[in-house]
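**Q** Listed below are the residues making up each chain.
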Amino acid sequence: GQQVMQIPQYQHVQEGEDFTTYCNSSTTLSNIQWYKQRPGGHPVFLIQLVKSGEVKKQKRLTFQFGEAKKNSSLHITATQTTDVGTYFCAGQVDSNYQLIWGAGTKLIIKP
Amino acid sequence: DAGVTQSPTHLIKTRGQQVTLRCSPKSGHDTVSWYQQALGQGPQFIFQYYEEEERQRGNFPDRFSGHQFPNYSSELNVNALLLGDSALYLCASSFSSSVQGYTGELFFGEGSRLTVL
Chain E
1 GQQVMQIPQY QHVQEGEDFT TYCNSSTTLS NIQWYKQRPG GHPVFLIQLV KSGEVKKQKR
61 LTFQFGEAKK NSSLHITATQ TTDVGTYFCA GQVDSNYQLI WGAGTKLIIK P
Chain C
1 DAGVTQSPTH LIKTRGQQVT LRCSPKSGHD TVSWYQQALG QGPQFIFQYY EEEERQRGNF
61 PDRFSGHQFP NYSSELNVNA LLLGDSALYL CASSFSSSVQ GYTGELFFGE GSRLTVL
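Chains as they are written, first to last, in the numbering used here: chain E, 1 to 111; chain C, 1 to 117.
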């Protein structure tokens, strides 16, 4: 079946270091969304990418959608304690209403 | 403006029992999707309701059923509970675009945490 693989599973960083998570789909996506889930919380929408090669920025967060629309990445510059949580990508295939979710990357700030 | 509300927040059931979870979507939203999230995993799509009908279903058995009411609120029913049904059940609401097959931003509720003993 259709899958979205997300790596790494965990990333430990010192506050101020950068963080990156990657998603790869087995099939071409019509669009991809990114969500953040804080510990004990629910997923919160961050952004949606639709176009091939699209790059969007939100302050310290940079989102990319690959040229083939099969991969995507989220990069956070100079992490802060407020960035702690699990970041999920979720892709849509064709006109299928279902979003296929990655397993998430947990951002952990080292004390 | 209330966001997505779910009830109950926590519940404990035993194997073989049945459970009903409820969801009220964000004001202005007409579509409700249900997800199951096991600990440490990403959400898994159960089904989506639009115009009081199941529009799409994920890879879940018939023990999982749902309903959408005229006010857009929704219920998720799970029969013959198994230990493996223990999870966080998330309801997400959205507004259906006029573009066929397009899924926009999802707004999630806090979830209902189900424990099956």
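Worth flagging that the hints you see were computed from the coordinates, not collected in a lab. Do not rely on the hints blindly, as some may be mistaken.
Claimed, not checked - Some chain C residues near chain E, calculated using beta-carbon distances under 8 angstroms:
no., residue
1, L82
2, S86
3, L90
4, E105
5, G111
Predicted model, so just to flag it, every value in this text is computed and none were measured. Glycine included, C-beta positions come from ideal geometry on N, C-alpha and C.
**Q** Taking the hints in turn, state whether each one holds.
**A** These are the hints, each one checked on the structure:
1. L82: Nearest chain E Cβ about 21 angstroms off; hint violated.
2. S86: Nearest chain E Cβ about 17 angstroms off; hint violated.
3. L90: Holds, because the Cβ-Cβ distance from L90(C) to chain E comes to roughly 6 angstroms (cut-off 8 angstroms).
4. E105: holds (5 angstroms)
5. G111: Where the cut-off is 8 angstroms and the nearest Cβ of chain E is about 6 angstroms from G111(C), the hint holds.
Of the numbered hints stated above, those contradicted by the structure are hints 1 and 2, listed in ascending order.
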